[in-house]
Amino acid sequence: MSLFSASTMACYIASSIGYQGYILFQKKSVYRLANIVLFIGFLCHTGAIALQYFEAGHIPVQNLHDALSAFGWAVAGVFLILQIKFHLMVLGALVAPLATLSVVIAALLPKPPVELAPLFASLWRTFHIGSLVVGNAAFAIACLVGILYLIQENTIKDKRRGFFFRRLPSLKLLDSVGYASLIVGFPMLTFGIITGVIYAQMVRGRFWSWDPKEIFAAITWLVYAALLHERLAVGWRGRRAAIMTIVGFVILIFTFFLFFWR
Amino acid sequence: MAVKRHIVAIGLNHKTAPVEVRERLAFSSEDTAQILETMHQHHCVDEIALFSTCNRVEFLLATQDVPEAVEALKDFMAEFKDTPRHTFEQALYVYNGDEAVRHIFRVASSLDSMVVGEPQILGQIKDSYADACNYGTCGVILNRLMHKSFSVAKRVRTETGIGDHAVSISYAAVELGRKIFGELEGKAVLLLGAGEMAELAVEHLVNNRARPIFVANRTFERGLELAERFRGTAIRFEEIRNYLKEVDIVISSTGARQYVLVRDDFKGLMRARRNRPLFFIDIAVPRDIDPEINRINNVYVYDIDDLKSAIQENIEERQQEALRGERIVDAAVVQFRRWFRALDVVPTIVGLRDKIEKIRQKELKKTLACLHSVSEEDRAAIDRLTAALVNKILHDPTTFLKQGGHKDKQSFHVDITRRLFNLDESNEKEPEPEG
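In order, the protein sequence lines correspond to chains U and B.
All residue numbers for the first sequence refer to this note's numbering, where the first residue is 75 and numbers rise by one.
All residue numbers for the second sequence refer to this note's numbering, where the first residue is 36 and numbers rise by one.
By construction, these hints were calculated from the structure, which means they are not laboratory data.
Beta carbons are placed, not taken as given, at the ideal position from N, Cα and C, and that holds for glycine.
Treat the hints with care, since some could be wrong.
[Claimed, not checked] With a straight-line cut-off of 35 Å between C-alpha atoms, the simulated DSBU-like cross-links for lysine-lysine are:
1) U/K231 x B/K302
2) U/K233 x B/K280
3) U/K101 x B/K343
4) U/K101 x B/K183
5) U/K233 x B/K50
6) B/K280 x U/K159
7) U/K246 x B/K343
8) U/K159 x U/K231
9) B/K50 x B/K39
[Stated by the list, open to error] To give an idea of the chain B side of the interface with chain U (calculated C-beta under 7 Å), a few residues:
10) K214
11) F216
12) G217
13) N310
14) N332
15) N333
16) Y335
17) D341
18) E348
Based on the sequences and whatever the hints tell you, model everything.
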């Protein structure tokens, strides 16, 4: 494992612990430190991926190991970007462990050498997987935010106080961050599916083969499209939207693994 | 005899005196000038400060004779307020020394207030202190004491959560509103009915820049009054349902026996609102808002019991934080005591050095006057010699006095020093200590 990879893992783990610490002890300095450590980890991760790129000559997203690692990278990246605008302190406690988990599982997986198709097709495949990875990361964050929303909404609705009420931000903020994540994720998902279709045409000669992967990808796309549409047209927000983002992500995960286990 | 000054705090508060007694003894700002000047002139009062609000009256004195000063003050209060001493004497507390310091620290930190953690008292005390400074009735001791109490109060506020969360219904409503809406700025409020708690809640919301404000009252004139107070709009009670589409927060406090709003009123409402959240604060008993409405998505209904239990937790937590505040006060009292004790020692050391220096100068002058053949350099050398002698001899006693030692022994040491070196010239008749 390269130095970059090791540092990445260490930073992600450290920031995960830091964010949990913030939730327990509510000390702002711990939160800020965790942010910095995560950012450093993200930089190391970028370095690790760049290293792989130079070694292999192509962007490393071809097998499950690489894709998971890229997923972790994208999750950290999207989160850090959202943090610039939203400062959602509690979210880090969910996101950092997710990034950590991705990177750790990726490290445990084998790295089968990838047969390099002709360059052009490979490029489409890279775009396809790359944009899906970023889209997945955004939807993952939307899902986590949705979970936080449901927790907070329950405490307010049921008038139960307890651990979370103080520590979680307002419903409005959670809703806004969820929405922002969707807006990042949906174009990526769309682009990913389109490039996937084009790639399929190049490799198999047909745009659409009606295999399970494609069907589930379509279903996922429809779920998120419906979610966004309802939001814009009807103002579907709050509890139902949060539940839908969670459901959408579950389907998405399923599609993701379906892709690689064939 | 050592010059020892004492700090005394005398006063009464909402715990020791009923409101009739407090009313009788409250001092206005005009009274303050007169009281401070008169009492300051009293021979046993070195420094004085006064603090008076609707919940307490506090006097702070620095005096050499505690019993006499206390009596003088009580007499003065009886005379000034034209009320016999026995009517308020029972309610007065008198704190001396450390206890007085602790009392003032606690009062400034709002630990002695009716609502622990309230923010107003510190500002009130600061104003009173400024007054006392204007009239020149504070000296070294009270200046230091007051400044220390401000910093202790600040520490308690920032290091504990004592002022953090709402302990009143109206604040609780605002806090909840923030948890739902994030920002309260620009959120529309509808007030149904009237009532002290409800109006206070609206006021808090307005302070947080909520607007516009709508007021609906069965009596339109009353609604107009309230609307004017909040710079809002009065609407007719029958129009309420129409406005539900526009507002974000509804505060309800009517005297109605039945529900003013039921679930059926909400058909299609949330869709028309594009599902924007709606928050009901139902302070009325019997309730105005059908609790079933809470089950609607994105609608939140809190009745008075819900608000009370929300506060209850905060009250308990505030009590915990108050304990932490007490610990901070304890530490500050110890620190202040150290300073106060040193205050005793410093004039003693200064007096000692002064006396020895005077002796040196006198002898130096006498000797040098007789030594005609001594050069300028030699004079300087002799001067240095005697100065060095004095410094070296006084070094150990000075250090010993400064370090303080055992807390009770220090005054004794200061006293002995003053006697040994006869620093108080009037004490020729006092017997010298043995050994």
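Now for the hints, and whether the structure bears them out:
Restraint check for U/K231 and B/K302: satisfied, since their Cα atoms lie roughly 20 Å apart, inside the 35 Å limit. Restraint check: the Cα-Cα separation between U/K233 and B/K280 comes to about 24 Å, which is no more than 35 Å; the hinted pair holds. Taken as a hint, the U/K101 and B/K343 pair is honoured in the structure, with Cα atoms around 28 Å apart against an allowance of 35 Å. For the given pair, U/K101 sits about 27 Å from B/K183 by alpha-carbon distance, which is consistent with the 35 Å threshold.
For the given pair, U/K233 sits about 34 Å from B/K50 by alpha-carbon distance, which is consistent with the 35 Å threshold. The hinted pair formed by B/K280 and U/K159 meets the criterion: a straight-line CA distance of about 30 Å does not exceed 35 Å. This hinted pair checks out: U/K246 and B/K343 have alpha carbons roughly 24 Å apart, not beyond 35 Å. Taken as a hint, the U/K159 and U/K231 pair is honoured in the structure, with Cα atoms around 28 Å apart against an allowance of 35 Å.
At roughly 32 Å between alpha-carbon atoms, B/K50 and B/K39 fall within 35 Å of each other, so this suggested pair holds. Restraint check, B/K214 versus chain U: the minimum CB separation of about 5 Å is within 7 Å; hint holds. With its C-beta approaching chain U no nearer than about 5 Å, B/F216 sits inside the 7 Å limit, and its interface hint holds. With its C-beta approaching chain U no nearer than about 4 Å, B/G217 sits inside the 7 Å limit, and its interface hint holds.
The interface hint given for B/N310 holds, since its Cβ lies 5 Å from the closest Cβ of chain U, which is under the 7 Å cut-off. Given the 7 Å rule on beta carbons, the hint for B/N332 holds: about 5 Å separates it from the nearest Cβ of chain U. The restraint placing B/N333 at the interface with chain U holds, with a minimum CB-CB distance near 4 Å, inside the 7 Å limit. The interface hint given for B/Y335 holds, since its Cβ lies 6 Å from the closest Cβ of chain U, which is under the 7 Å cut-off.
A distance limit of 7 Å between C-beta atoms decides the matter here; for B/D341 the minimum to chain U is near 5 Å, and the interface restraint holds. A distance limit of 7 Å between C-beta atoms decides the matter here; for B/E348 the minimum to chain U is near 5 Å, and the interface restraint holds.
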